[in-house]
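Note that the protein sequences, when read in sequence, are chains A and B.
Position in the first sequence counted from 1, then plus 2, gives you the numbering used here.
Position in the second sequence counted from 1, then plus 24, gives you the numbering used here.
For the record, the hints were derived by calculation from the structure and aren't laboratory data.
Take these hints with a grain of salt, some might be off.
[To be verified] Taking lysine to aspartate or glutamate and the EDC-like style, the derived pairs with C-alpha atoms no more than 20 Å apart in a straight line are: (1) B:K141 - A:D69; (2) A:K363 - A:E436; (3) B:K141 - B:D383; (4) A:K363 - B:D383; (5) A:K36 - A:E97; (6) B:K141 - A:D432; (7) B:K139 - A:D432.
[Claimed, not checked] So, partial list: chain B residues that the calculated Cβ filter (under 7 Å) puts toward chain A: (8) V91; (9) G188; (10) V192; (11) V211.
[What the hints assert, rightly or not] Each pair of labels, with its calculated beta carbon distance range: (12) B:L486 - A:P433: 58 to 68 Å; (13) B:E59 - A:E37: 30 to 40 Å; (14) A:E103 - B:S137: 43 to 53 Å; (15) A:T364 - B:N190: 36 to 46 Å; (16) B:M483 - A:P366: 46 to 56 Å; (17) A:I125 - B:T231: 23 to 33 Å; (18) A:P366 - B:N190: 18 to 28 Å; (19) B:D383 - A:P366: 44 to 54 Å; (20) A:G178 - B:L240: 50 to 60 Å.
All C-beta atoms, glycine included, are put in the ideal place defined by N, C-alpha and C.
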Amino acid sequence: MQFVMPDLRPLTPEILMTVLSLLILLSDLVIKRKETIALLSILSVAAVAFTFRDSLGVTFNGMFISDGYSRFFGIIFVLNVILTVLISVKYIGIERVNFGEYYGLILFSTLGMMIMASAGDLIVLYLGLELMALSTYILAGFIRYDIKSNEAAMKYFLLGAFASAFLLYGTSMIYGLTGTTNIKAIAGYILLHGLMGNPALTLAMVLFVVAFSFKIAAVPFHMWAPDAYEGAPTSITAFMSVGPKAAGFAVMGRVLLDGLYPIRPEWSAVLIPIAILTMGVGNIVALSQTNIKRMLAYSSIAHAGYALLGVIAGTADGLASVMNYMLIYAFMNIGAFAVIIMLRTEGFKGDNITDYEGLSKTHPLLASLMLVFMFSLTGIPPTAGFMGKFYLFMSAVNAGYTWVVIIAVIFSAISAYFYLRIVMYMYMKDPKQEVAISTSPSMSLALAITLFGVIAIGVLPASVVHLARIAFP
Amino acid sequence: MEQVMTNSLGFPILSTLVFLPVAGAAFLLLIPRSEEKLIKWFTLAMSVITFVISLPLFTRFDKTTHVMQFVERHAWIPAWNINYSLGIDGISILFVLLSTLVIILCVLISWNSIKTKVKEFYISLLIIEGAMIGVFCALDFFLFYIFWEAMLIPMYLLIGVWGGPNRVYAAVKFFLYTLVGSVLMLVGIIVLYLYAGRTFDIVELSTKMYPYDMQLWLFWAFFAAFAVKVPMFPVHTWLPDAHTEAPTAGSVILAAVLIKMGAYGFLRFSLPILPEASKAMTPAMLILSVIAIIYGGIICLAQTDLKRLIAYSSVSHMGFVTLGIFALNIQGMEGGILQMVNHGIVTGALFLSVGVIYDRTHTRQIADYGGVASVMPLYASLFIVFTLAAIGLPSTNGFVGEFLIILGGFTANQWAGVLAATGIIIGAGYMLWLYQRVFFMETNQKVAGLSDMDGREIMALLPMVILIFWIGVYPDTFLGFMHKSVEHLIVRVNTGGVSGPAIARNIIEVIR
């Protein structure tokens, strides 16, 4: 028997990421200044991003795929890390949890996401998912003296474990039916043996959809999200609302559009009600929130609903629109969370919507940034949020789901109400209390990057759209 | 595919008009908040420069053709075949000029009345100007939508931050109404785009043919956006709140330009792109127009708030505009477009005038006024000009527009013409009664001793007076711009784009 060394080149980013993450974790022992670790983390992911270009290829007999699709998501994950770290530096000090493991866990979680996006096999997918999820559970409960943070971690963990079980169950059924866990081979087997309409296959598909819906917080599997988002450290809320969600969409696209494409009518029939419910519940419940983190949690649920439209479309354009949207969402959502974090100072939580009263008087610049992010989340041009939604809607209409898009735009108009409420509090009310803000250079940098992203993609989306469009074969 | 005229001027004039104000707004960001005087003067200079730059449009416009002029075209998002293309024809040119003029007046009238967040106010104003001009110049449906929506943000702030006591409610209502309409249009735009072979080019879209069923759906999708903006009955209810609560400049912009966008949308998109559906829906549109005319007028009679009364009169006047447009003949349509300009001038002027007196008394209740004519004679004489123009007295611009519309409406449907004419009578009733209650009768304590208008305020109103008589006495200066474009549009609607130019010419003969 001969052992052939598999081609490791497609794995370069992941290997590099693993090494660097371990080094970051170890460096905590010797480096006393945690800011240095933050800087190192950013440099690490930047270095990883540089290896993306030359890593394209398939290895381990198709178990691991490094293509435009996975690397586009990789860019989103890297961006997510950079922005999260930038907004964390001062914040975790204020929360008195300034530990080095924080950055290590973020990197491990991101490694998991990258593996998920590249998974060509259900087992690899599961590995990535668990690595991502376990790291994120710990991060959610990182403020260990705070009972709310503990609750967030606990809920997230229990429901996440539940979702993993669904995923495994679905995987085992697929394996039982097709004898393979390779995503491409599954599609081939289904086609070859005419398994379309097989109830067991449909059940497996439903189990997959349920598991992914947990990850992207789609209704009715969203129950964990508001509590987890509210209780987790705000920087981690920003992290969780972008990274795991994008990773969820990445595997969803891969499994549904590659592996289960032959039963597309079935899964789109399951996804359409989920998407509509997600947009509906997310937007309508957000209307009545008084805590801004909870509001953004529901808003994040609603945005998953919009993004599902791209998956439902089931075309290359549809997936490109999802990728595009996730990138844009990373900018605008982390931008909004950055503003929230700036209101958090020693002894002041600053996460009630009323804390924003008259912010335009006391901190005009900050208020105007929040204004841009809120309008972008609403989807008003010329911000990136509009371009993202437009692409999603366009691909869904193109796939023949015009009626779903009509429902989506109505909910999107409803969402204007709660985003505008923040603007209204900032600009149209007088300040009731003196609100201090915590500034830091890294925070300013994060805000500059997110603002630039939101405006630049809003005004000149051509290159990003092109990149997303060519990513999926 | 139509031949598109290229730019006859040496520089991209339309882009300059759109982005100069925006650049001005960006520059304002750099001026310190405390330099209020500098901010105001800078904004004024910016708006005057923009206006001056827009003047060559007026003089260099070629009235002998219907094709787009001053065209600029650049690839913007190649993946979706979206171009940055601007251009104007006889339908849009007047609105561009109106926009650049109105902003100057808005700056002048806000000079002393805006005291808080001065910098933000003028930034919003300049951004609004850029977006407004963009809406009228865009030749790409996607670009049009961008400007159309981008306008909402500063307008929402304008109403909500600097408005009256009930401003937040009015601002949110304005925003949500418009947004719901717009997003439905967005779906329509996407459907159209995909059907037409992935193009957003307005000129190209309006030469293609679409299945009748699809046209009907699209017509109502566009209707959702345009009718809310116009506003047509029964989706007009945001307008009284927004007009009333907005600061003077906001009301003027809303009345003079913003609500014109709805009617412009019908002219630019619904009619040429969906000719068959438009024709089929004419009865419904005429009925809604007539309801707006009469219902808006009657409601005016019951108003006790100055601005609210003028706001409802807008509903009535815009009813005339949509009536003229959907009469689908040359007289009606030209009357409709002219009346849009007229309404912009007259209602804009009325809101400016109300702003003048509101700055002094800080009340909008008609009952708080009385005998203003004896205190502010100059003001009273200007106001009567606007009142008479609003009623449509011959030799003012209102007469020309309403006459053409009723003529066109009568040709299309006799009942529509007759009922619309009664609207004029109601109009005379509420406007003259308003004038009587405010300016005559006993002098109210609250207005005693007010100073008459100062130079700045006169400057803000004078251009409107000149325009009222100019259009009233010699409308051809302005109608001349539209003849060719309107003719072309009518041919397109009546033939549904089926025929070649030969049939088109015959039909023009028949119409004449």
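The hints, checked one at a time:
{"no.": "1", "hint": "B:K141 - A:D69", "in the structure": "violated (51 Å)"}
{"no.": "2", "hint": "A:K363 - A:E436", "in the structure": "holds (11 Å)"}
{"no.": "3", "hint": "B:K141 - B:D383", "in the structure": "holds (17 Å)"}
{"no.": "4", "hint": "A:K363 - B:D383", "in the structure": "violated (24 Å)"}
{"no.": "5", "hint": "A:K36 - A:E97", "in the structure": "holds (14 Å)"}
{"no.": "6", "hint": "B:K141 - A:D432", "in the structure": "holds (12 Å)"}
{"no.": "7", "hint": "B:K139 - A:D432", "in the structure": "holds (15 Å)"}
{"no.": "8", "hint": "V91", "in the structure": "violated (28 Å)"}
{"no.": "9", "hint": "G188", "in the structure": "violated (12 Å)"}
{"no.": "10", "hint": "V192", "in the structure": "holds (5 Å)"}
{"no.": "11", "hint": "V211", "in the structure": "holds (5 Å)"}
{"no.": "12", "hint": "B:L486 - A:P433: 58 to 68 Å", "in the structure": "violated (41 Å)"}
{"no.": "13", "hint": "B:E59 - A:E37: 30 to 40 Å", "in the structure": "holds (38 Å)"}
{"no.": "14", "hint": "A:E103 - B:S137: 43 to 53 Å", "in the structure": "violated (58 Å)"}
{"no.": "15", "hint": "A:T364 - B:N190: 36 to 46 Å", "in the structure": "violated (25 Å)"}
{"no.": "16", "hint": "B:M483 - A:P366: 46 to 56 Å", "in the structure": "violated (31 Å)"}
{"no.": "17", "hint": "A:I125 - B:T231: 23 to 33 Å", "in the structure": "violated (56 Å)"}
{"no.": "18", "hint": "A:P366 - B:N190: 18 to 28 Å", "in the structure": "holds (25 Å)"}
{"no.": "19", "hint": "B:D383 - A:P366: 44 to 54 Å", "in the structure": "violated (26 Å)"}
{"no.": "20", "hint": "A:G178 - B:L240: 50 to 60 Å", "in the structure": "holds (51 Å)"}
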